[in-house]
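Asks: Chains as they are written, first to last, in the working numbering: chain G, 1 to 201; chain F, 1 to 277.
No wet-lab data here; the hints were simulated from the structure. Every residue gets a Cβ at the ideal spot worked out from N, C-alpha and C, and that includes glycine. Do not rely on the hints blindly, as some may be mistaken.
Chain G is faced by these chain F residues, among others (derived, beta-carbon under 8 Å) [stated by the list, open to error]: (1) Pro43; (2) Ser47; (3) Pro135; (4) Gly205; (5) Gly207; (6) Ser210; (7) Tyr218; (8) Ser220; (9) Ser229; (10) Leu230; (11) Gln233; (12) Arg236; (13) Lys238; (14) Ser268; (15) Ala269; (16) Pro274.
Rough simulated footprint, nothing fancy, chain F against chain G, three-plus residues with beta-carbon under 8 Å [stated by the list, open to error]: (17) 97-108; (18) 159-169.
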Amino acid sequence: MTNSLTRRSMITASLGAACVATLPRGALALTEAGARTLVDNLVREINRVIASGGSLGAMIAGFEGIFRKYGDVDLIARSTLGADANRTSAAQMRAYTDAFRGYIARKYGKRFNEFIGGRIEVLGVRQVKSWYEVQSRVILRGEAPFDVRFLISDRSGRNLFFDMVMEGISLRLSERSEIGSMLDRRKGNIDALIADLRQSG
Amino acid sequence: MTGLYNFFAPYASRAIVCAVALTLLEACAAHDPALTRSAPYDPYEESNRINHERNKRVDRAVLRPVADGYRAFMPDDLETGISNFATNLSLPGAMVNNALQGNGVGMTSDFYRFLINSTLGIGGIIDVATRLDMPAATDADFGQTLYTWGVHEGPYVELPLLGPSTSRAAAGRVVDMFTNPLGYVIEDPEIYYVAGARVSRALSGRGRYSESIDSVLYDSADSYAATRSLYLQNRRFKVGNGGSDAYLDPYDTIGSSTAGQTVRPAVSANFEDPYDQ
């Protein structure tokens, strides 16, 4: 038992992996109902944060907790770096992901202020390529509701959201543009970018 | 001779407007940038950036302080009422554009919204339709009509004072000065009240979303690139009626049974799978 990594187990594991890779899309572990449940839970927690009407710090912490629990932060962080992710060391990537999570929590947690008295309502789910798009709307007092979509995938190994699209504006794609500008300002220096990120948002 | 000139003057100004609109449209014909979301088609970046800096200066010096003052001075209900009034008067223009797009559903829902808000909502001051959970206003404009007619988006432009746009949207704006039938019906003094209400609505918007707008304009690493990215994403969403796949699967019973109101087309249909990168 000490040497459990035998050739046989390796072959079995790789065969298993090959089977999983060739499964048709319909056989994804993530189902429409699963994607919807995930967003229902996520929305319930967001609504709780909005309704609590806590201080700014509490709202930011609340948003960071939700982002960490339901979002694929590693993937979102990596994809905002774009091609620059390829020249980033593992240690830099960890530091970047960490700084990015805090930056997102501060930047978007602040916005939750504007949602006080409002709520989010889930409307429907549809499958797009390898993910599910869950449509919801934000209902605010005295204003027309606006559209928010959560994109859910299980390709990380868990059911997580990898993007949030508000009135067509994708958080991931917008942050990619913003991170790109921040990196340009630092002439491509990743460490300087990480230091900047810890201060912004 | 002067009589003849006076007779032709309105037509002359319209001809100039048409010429401007056509020039803008020609710029759209060359290239379809909507294919790539990540790299915006922005050949005029240099002059756009100059306009952007000017617009930021105007915002800082005039628009933001005036909007903040307006919001502080006006009671909230009155402000919402004026803004609703202006929005309601834009509906007939949207109805014309819906008709030009062949969007009967949108035209009908905008018509009922206009009818309800103009009567029960006392001339549009109260947005009864939204409270009754009627379908949202389509906000159809001529830029969107051009999209449904197959005109390409064209290059990104940042207009002086008016802000971010595309050539197609800018051409649409020019034409929309004439698409609202109310523009021909409302007489001289009243038309200025309408214009005033529209300005008030714009000020309300600047004030209400003050923090969000400030964060883009003044806290971004590159406010030009951030504005461009946000504008283009949002504009494509609006133009595609809330989704980027304009063609719904006719066999998709789930999609069609609830279509129009609640479940709109997917927005992420053109996205690349980030797990593949």
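Asks: Hint by hint, say whether it matches the structure.
Replies: Verification of the hints:
Because the smallest distance between the Cβ of Pro43 of chain F and any Cβ of chain G comes to about 18 Å, over 8 Å, the interface hint for this residue is violated. Restraint check, Ser47 of chain F versus chain G: the minimum CB separation of about 19 Å is more than 8 Å; hint violated. For Pro135 of chain F, the suggested interface contact is broken, since its CB lies about 11 Å from the closest CB of chain G, more than 8 Å. A distance limit of 8 Å between C-beta atoms decides the matter here; for Gly205 of chain F the minimum to chain G is near 11 Å, and the interface restraint is violated.
For Gly207 of chain F, the suggested interface contact is broken, since its CB lies about 13 Å from the closest CB of chain G, more than 8 Å. Because the closest C-beta pair between Ser210 of chain F and chain G is about 10 Å apart, greater than 8 Å, the hint is violated. Because the beta carbon of Tyr218 of chain F sits about 12 Å from the nearest beta carbon in chain G, more than 8 Å, this interface hint is broken. Satisfaction of the interface hint for Ser220 of chain F is found here, the shortest Cβ-Cβ separation to chain G being roughly 6 Å, below the 8 Å cut-off.
Hint status for Ser229 of chain F relative to chain G: holds, with the closest Cβ pair at about 4 Å, below 8 Å. Because the beta carbon of Leu230 of chain F sits about 6 Å from the nearest beta carbon in chain G, less than 8 Å, this interface hint is met. Taking 8 Å as the C-beta contact cut-off toward chain G, the hint placing Gln233 of chain F at the interface holds, the least distance being around 5 Å. Against a cut-off of 8 Å between C-beta atoms, the interface hint on Arg236 of chain F holds, since the closest Cβ of chain G lies about 6 Å away.
For Lys238 of chain F, the shortest C-beta to C-beta distance to chain G is roughly 7 Å, which falls under 8 Å, so the interface hint holds. A cut of 8 Å between beta carbons decides the hint on Ser268 of chain F: the least distance to chain G is about 5 Å, and the hint holds. At a threshold of 8 Å, the smallest CB-CB gap from Ala269 of chain F to chain G is about 6 Å, leaving the interface hint in force. With its C-beta approaching chain G no nearer than about 4 Å, Pro274 of chain F sits inside the 8 Å limit, and its interface hint holds.
Beta-carbon proximity to chain F at under 8 Å applies to 1 residues in the region 97-108 of chain G; the threshold of 3 is not reached and the given coverage is violated. Counting residues of the region 159-169 of chain G whose CB lies closer than 8 Å to any CB of chain F gives 6, so the stated coverage by that chain holds, three being the minimum.
Hint compliance for this structure: hints 1, 2, 3, 4, 5, 6, 7, 17 are broken, all remaining hints hold.
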